[in-house]
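Number of protein chains: 2
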Amino acid sequence: MSFESNGEIACCGGKLLKLSHKSNEIGSHMDVNIYLPKQYYNGDGNPIPVIYFLSGLTCTPQNASEKAFWQIQADNYGFSIVFPDTSPRGDEIPDDKDQSYDFGLGAGFYVDATEKPFADHYRMFSYIHEELPHALDKFFNRDAKKLEFVHNTGITGHSMGGYGALTGFLKYYGKDRYVSCSAFAPIVNPSQVPWGQKAFTGYLGHDKELWKQHDPSYIIKNVDNTTGSEILIHQGSSDPFLEKQLRPDLLLEAVKGTSWENKIKVNVVDGFDHSYYFVSSFVPQHAAFHAKNLGLI
Amino acid sequence: MSFESNGEIACCGGKLLKLSHKSNEIGSHMDVNIYLPKQYYNGDGNPIPVIYFLSGLTCTPQNASEKAFWQIQADNYGFSIVFPDTSPRGDEIPDDKDQSYDFGLGAGFYVDATEKPFADHYRMFSYIHEELPHALDKFFNRDAKKLEFVHNTGITGHSMGGYGALTGFLKYYGKDRYVSCSAFAPIVNPSQVPWGQKAFTGYLGHDKELWKQHDPSYIIKNVDNTTGSEILIHQGSSDPFLEKQLRPDLLLEAVKGTSWENKIKVNVVDGFDHSYYFVSSFVPQHAAFHAKNLGLI
Chain X
1 MSFESNGEIA
11 CCGGKLLKLS
21 HKSNEIGSHM
31 DVNIYLPKQY
41 YNGDGNPIPV
51 IYFLSGLTCT
61 PQNASEKAFW
71 QIQADNYGFS
81 IVFPDTSPRG
91 DEIPDDKDQS
101 YDFGLGAGFY
111 VDATEKPFAD
121 HYRMFSYIHE
131 ELPHALDKFF
141 NRDAKKLEFV
151 HNTGITGHSM
161 GGYGALTGFL
171 KYYGKDRYVS
181 CSAFAPIVNP
191 SQVPWGQKAF
201 TGYLGHDKEL
211 WKQHDPSYII
221 KNVDNTTGSE
231 ILIHQGSSDP
241 FLEKQLRPDL
251 LLEAVKGTSW
261 ENKIKVNVVD
271 GFDHSYYFVS
281 SFVPQHAAFH
291 AKNLGLI
Chain C
1001 MSFESNGEIA
1011 CCGGKLLKLS
1021 HKSNEIGSHM
1031 DVNIYLPKQY
1041 YNGDGNPIPV
1051 IYFLSGLTCT
1061 PQNASEKAFW
1071 QIQADNYGFS
1081 IVFPDTSPRG
1091 DEIPDDKDQS
1101 YDFGLGAGFY
1111 VDATEKPFAD
1121 HYRMFSYIHE
1131 ELPHALDKFF
1141 NRDAKKLEFV
1151 HNTGITGHSM
1161 GGYGALTGFL
1171 KYYGKDRYVS
1181 CSAFAPIVNP
1191 SQVPWGQKAF
1201 TGYLGHDKEL
1211 WKQHDPSYII
1221 KNVDNTTGSE
1231 ILIHQGSSDP
1241 FLEKQLRPDL
1251 LLEAVKGTSW
1261 ENKIKVNVVD
1271 GFDHSYYFVS
1281 SFVPQHAAFH
1291 AKNLGLI
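If you read the sequences in order, they're chains X and C. FYI, in my numbering the residues of the first sequence are 1 to 297. FYI, in my numbering the residues of the second sequence are 1001 to 1297.
Calculated directly from the structure, the hints in this document are not laboratory data. Treat each hint with caution, since some may be false.
[Said to hold, decoys possible] Subject to a maximum C-alpha distance of 20 Å in a straight line, what follows is the list of computed EDC-like cross-link-like pairs (lysine to aspartate or glutamate): (1) C:Lys1067 <-> X:Glu66; (2) X:Lys67 <-> C:Asp1075; (3) X:Lys38 <-> C:Asp1273; (4) C:Lys1015 <-> X:Asp270.
[What the hints assert, rightly or not] The following residues of chain X were derived to be distant from chain C, with all beta-carbon distances above 10 Å: (5) Ser5; (6) Ala10; (7) Gln71; (8) Ile72; (9) Ala119; (10) Glu130; (11) Lys175; (12) Ser229; (13) Glu253; (14) Val269; (15) Asp270; (16) Ser280.
Every residue, glycine too, gets a C-beta built ideally from N, C-alpha and C.
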């Protein structure tokens, strides 16, 4: 599994690599950006931990690369950050029949679709959590272990990507994959909100019992928080999607009486919206959180 | 002169205001963004210094607001930053007949045009350095001096905006306006490079002697650096426009034997390009430079 380079951009003290590769899971080319911090180029040679940032509806790898400003934090602490795409792309990929922003292209929702015509290509769960990390590991660590893509990684994301981060973290909990999870304005309970219901119906079908396997607010009830993990969430109080789509209160409600109670740290921040102005404002706090969990501080 | 609000966005510890106003100089509505740092809301009440960031070709006020990451620096030091537009806008505004990216809309070049059909609207020099600062001063300081828009300000910019910053700083030198100037990959000698020659021909006509009044590499020879001012410049070594359009060496050559010799600090940074990845990487250094000149550290 090889990657092509579409650009190598000097940024802060390291480089942002714009890559693409043929994905077997997705059945087409996928773009992915990765920031290699200054420690990659002049560090002590120890493997550098990786954080995955999953973007939200409509986004490509470029949005967060340009606007979230993780790079300076990556240099501060010595981690690498991977910005995957949010869906399959290309003329051969089926899109929403209405070409809406919240389903189909740009809206893969980080699930493996089972419904036609999406099941062949929309395999974003397997892509993000299996194929991509292993492909990156193979590509970058050919000669020596330079970056830790698979084990002891961090995962975070924004909105739909926050959903993807929570789900991945919980589904792999205790399996030596993600040791750190945070989210910016995540969709926490997709079964109960319009964005999630539309995506799950289209990608997974109408069986709402099945949806629960893909919904962090259900999954978390069956995951024992054996290590006292905390999950850091920021949510803007002026986010126009807060009341209808995001609802962090539903996750807090779901974990009452479980081993996750008081472990989900939801910070509702006054006046912030849903944009990258919000994300970039709290990236420094999330970077410190992940750096601590990854053993960097 | 009043401003309309098109949005007030929480960002870092302050707010980004998206404003627009009817400009007399330009003869149409102009957008401008301003970041008010946390000190504006909870500071000691002393007037907050302002830095103007002039953007490059094709940009609106949004590009630098989203991608340059001045905001966190503004909070660090306690300055405000103003992001003006780069040209007149609107259906009634004459554009380049070829609709090129480097002339007409999005490419006002920070000069007052004298040539038809541009002279009526393309008055960016008077707009940026006279009308806008005074209009902002009137609007924000109605009741008390909260922000210092006119005197003791900083000015900086990127590419065409770096040209605009250098020119404004030098033309107002010693007039208690700009006390601090820096630039990111500026066009330093427009008379000698294609972008500048195209703009000056179209906006100012064919008299090349006249162009010198608008060219920092000529203007600077007639400005006595009485206060030992330094100008900070960063320039990426892999900038595709370096050799043909930007040429910081021409400014260094121009100041040889003048009071500016050794005062223009050109940092050629290895591998950086012309994008906002480059700008944002060096904003922290420029912020510290301006903060020092503005008496904030």
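Structure-based check of all given hints:
Between the alpha carbons of Lys1067 (chain C) and Glu66 (chain X) the distance comes to roughly 6 Å, so the proposed pair stays at or under 20 Å and holds. This hinted pair checks out: Lys67 (chain X) and Asp1075 (chain C) have alpha carbons roughly 18 Å apart, not beyond 20 Å. Under the criterion of a C-alpha separation no larger than 20 Å, the hint pairing Lys38 (chain X) with Asp1273 (chain C) is consistent with the structure, at around 17 Å. A distance of roughly 12 Å separates the Cα atoms of Lys1015 (chain C) and Asp270 (chain X); the hinted pair therefore holds under the 20 Å criterion.
No beta-carbon of chain C is positioned within 10 Å of the beta-carbon of Ser5 (chain X); the least distance is around 14 Å. Distance to chain C contradicts Ala10 (chain X) as a non-interface residue, since its nearest Cβ pair spans about 4 Å, not more than 10 Å. A beta-carbon of chain C comes within 10 Å of the beta-carbon of Gln71 (chain X); the shortest separation is about 8 Å. With a closest Cβ-Cβ approach of about 8 Å to chain C, Ile72 (chain X) is found to fall inside the 10 Å limit, against its non-interface label.
Its beta-carbon lying about 36 Å from the closest one in chain C, Ala119 (chain X) satisfies the requirement of being farther than 10 Å from that chain. Distance to chain C confirms Glu130 (chain X) as a non-interface residue, since its nearest Cβ pair spans about 30 Å, more than 10 Å. At the 10 Å boundary, the C-beta of Lys175 (chain X) stays outside the reach of chain C, the nearest C-beta of that chain being 35 Å off. Annotated as non-interface, Ser229 (chain X) keeps its C-beta farther than 10 Å from every C-beta of chain C; the closest such distance is 28 Å.
Against chain C, the non-interface label of Glu253 (chain X) holds: every CB pair exceeds 10 Å, the least being about 26 Å. With a cut of 10 Å on Cβ distances, Val269 (chain X) falls inside the contact zone with chain C, its closest approach being about 8 Å. Its beta-carbon lying about 7 Å from the closest one in chain C, Asp270 (chain X) breaks the requirement of being farther than 10 Å from that chain. With a least CB separation of 7 Å from chain C, Ser280 (chain X) falls inside the 10 Å interface cut-off, contrary to its annotation.
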